[in-house]
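Chains as they are written, first to last, in my numbering: chain A, 2 to 226; chain B, 15 to 271.
FYI, nobody ran anything at the bench for these hints, they're computed from the structure. Built from N, CA and C at the ideal position, the CB exists for glycine as well. Hints are supplied without guarantee of correctness; some may be wrong.
Unchecked claim - Using 30 Å as the maximum straight-line C-alpha spacing, the simulated DSSO-like pairs for lysine-lysine come out as follows:
id, chain 1, residue 1, chain 2, residue 2
1, A, Lys24, B, Lys106
2, B, Lys256, B, Lys215
3, A, Lys24, B, Lys135
4, B, Lys106, A, Lys150
5, B, Lys176, B, Lys248
6, B, Lys243, B, Lys256
7, B, Lys135, B, Lys106
8, B, Lys243, B, Lys176
9, B, Lys256, B, Lys176
10, B, Lys106, B, Lys137
11, B, Lys176, B, Lys215
12, A, Lys24, B, Lys137
What the hints assert, rightly or not - FRET-style restraints, in silico, Cβ to Cβ:
id, chain 1, residue 1, chain 2, residue 2, range
13, B, Lys106, A, Ala107, 36 to 42 Å
14, B, Glu155, A, Gly171, 32 to 38 Å
15, B, Pro105, A, Ser92, 30 to 36 Å
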Amino acid sequence: MLNQTLETGMPTGVAESAAVDAKDRFGVTMAEGLHALAQPLTILRSTVALLASPEAPETARRRYLDLSAEQVQRACDLFECLQDLVIANQSEAVRAPFAASTLIAAATDDPKITLDVSNASIHVLATGELPAALGDYARTLQALVAALKIAISLSCAGDCVELRAIASGGSLRMAVTSPRVHGRTLNSSQRLTLALADANIRSQRGRFTFTEDPFSASMELPFAA
Amino acid sequence: MDGSTASSSAGSTITGMNACPAEAEPSGAFSALAGRRILIVEDDLSLAGFLRTELQSHGLTVEIVHDGEAALSALQGERPYDLLILDLNLPKLDGIHLLQRVKPARTRILVLTARSRVEDKVKALQTGADDCLTKPFSYQELLARVQVLLRRGAGLVPNCSKVGDLVLYREERRVERNGRRIELTPREFAILEFMMRHVGKPVSRATLLEEVWNMPADPTTNIVDVYMKYVRDKVDLPGEVKLTHTIRGVGYELRDA
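Could you put together the complete structure from these sequences and hints?
Okay, here's the thing in structure tokens:
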């Protein structure tokens, strides 16, 4: 069983080394993102050239076009992720109160989470009335959607992905857990997505962790005073 | 081929085969290397699948695995590969460590990498790779490099094999019997080429299905029998000494009388 954990956050008193660490992390993640892009770009370079071949039969041309469409979408998603990663490092996060329940409702209704693909469901568990959290609503939502999307993609029909929100020591903790041991390592796109979620939460001085198999991701933000 | 049956030009009917792009006759440009076995080790499922489909369309027998440990296990199996296409960045065991642990004697190695550092390529070449290709590459370039590597590797197998008055030239993809030129399709050539490597030994239908079609044993299909008939009709003309023999309950054997 794989159980790699990435822990981020901003421990007090080590701001300088954390800043250096953040720069290193940004460079490494961007390099990994470019590496991930090499896969769809390889297929695209190939299909474009094969489409130009006069010998390609009509059935093969259709297949190359379908493949091209898939890989263009994949490359766009990766570029979007890289763009968001740059923005997360480029601009300050908003620090404003928001209701956890609103965030959770928006995340579970997000069209990016395609439940129909795996027939899995999301079970939300919230302990009582949660105080308002302090942070960047948009970035937190993006991180939560990313975690749910990966958990769903690793699930099978009938699985129930759990989203638990609890108040813990003055902060809001949201944990996404997939019940299934999938036996695989996360692919480069999933890793990049998690790196973006990490950057989004870290930019709010929050804390983000994940384990690979079974997949779980957890994020923590302080409550508004 | 659509559906579970297909008619051949010779009138025989193939049964039990599902629609499969790999079953199309391999394209002519690369047919000299038809039947060569390739292992692709690539963790990106889309890219691995794409490369497999394209290489199979050129008549190559292709297997894919998605991590270093599975690759190690495949390479330690009994059936050697002619070529290993290896991505360096792999889960469980990376490409360089894989090369350090296993050096298949007759297998050529083409390394794929998205790492732009020269040191990575140098290390791969120093660890046993024969060639290196940086992503994003174009399939046409990969195919050309595969062709060169397999040609080089083919030196380990003699270009020419003989059984009685039947002669097969691998490099030229030419078959002659007593001076008579025999025209074979790429698939027929792959069957005969495999039989030539096992002269005097019975070869089962399951082995032919696996080696020539890269498909697991399937008692419901008669495709091997149908293609074997095509080969036999071309190789053994009336009045000639019979070289292709049916071994009842087993498969086929190529032998001189």
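Each hint tested on the structure:
1. The suggested pairing of lysine 24 of chain A with lysine 106 of chain B holds, with an alpha-carbon distance near 27 Å, which does not exceed 30 Å.
2. Our distance criterion of 30 Å between C-alpha atoms is met by lysine 256 of chain B and lysine 215 of chain B, whose separation comes to about 15 Å.
3. Of the supplied pair hints, the one linking lysine 24 of chain A and lysine 135 of chain B holds, its CA atoms being roughly 27 Å apart against a limit of 30 Å.
4. Only pairs whose Cα atoms come within 30 Å are accepted, and lysine 106 of chain B paired with lysine 150 of chain A is accepted, the gap being roughly 24 Å.
5. A hinted pair counts as satisfied when its Cα atoms are at most 30 Å apart, and lysine 176 of chain B with lysine 248 of chain B qualifies at roughly 16 Å.
6. As the CA atoms of lysine 243 of chain B and lysine 256 of chain B are separated by approximately 13 Å, the hinted pair is consistent with the 30 Å bound.
7. Only pairs whose Cα atoms come within 30 Å are accepted, and lysine 135 of chain B paired with lysine 106 of chain B is accepted, the gap being roughly 20 Å.
8. With a C-alpha separation of about 20 Å, the suggested pair lysine 243 of chain B and lysine 176 of chain B falls inside the 30 Å cut-off, and the hint holds.
9. Using a Cα cut-off of 30 Å, the hinted pair lysine 256 of chain B and lysine 176 of chain B holds, with the two alpha carbons roughly 14 Å apart.
10. Under the criterion of a C-alpha separation no larger than 30 Å, the hint pairing lysine 106 of chain B with lysine 137 of chain B is consistent with the structure, at around 19 Å.
11. Between the alpha carbons of lysine 176 of chain B and lysine 215 of chain B the distance comes to roughly 15 Å, so the proposed pair stays at or under 30 Å and holds.
12. Using a Cα cut-off of 30 Å, the hinted pair lysine 24 of chain A and lysine 137 of chain B holds, with the two alpha carbons roughly 28 Å apart.
13. Between lysine 106 of chain B and alanine 107 of chain A the beta carbon distance is about 37 Å. The supplied range of 36 to 42 Å therefore holds.
14. For the hinted restraint 32 to 38 Å between glutamate 155 of chain B and glycine 171 of chain A, the CB-CB distance of approximately 58 Å leaves it violated.
15. Taken as a hint, the range 30 to 36 Å holds for the pair proline 105 of chain B and serine 92 of chain A, whose Cβ atoms sit roughly 34 Å apart.
This entry does not satisfy hint 14, going by the numbered hints stated previously; all others are met.
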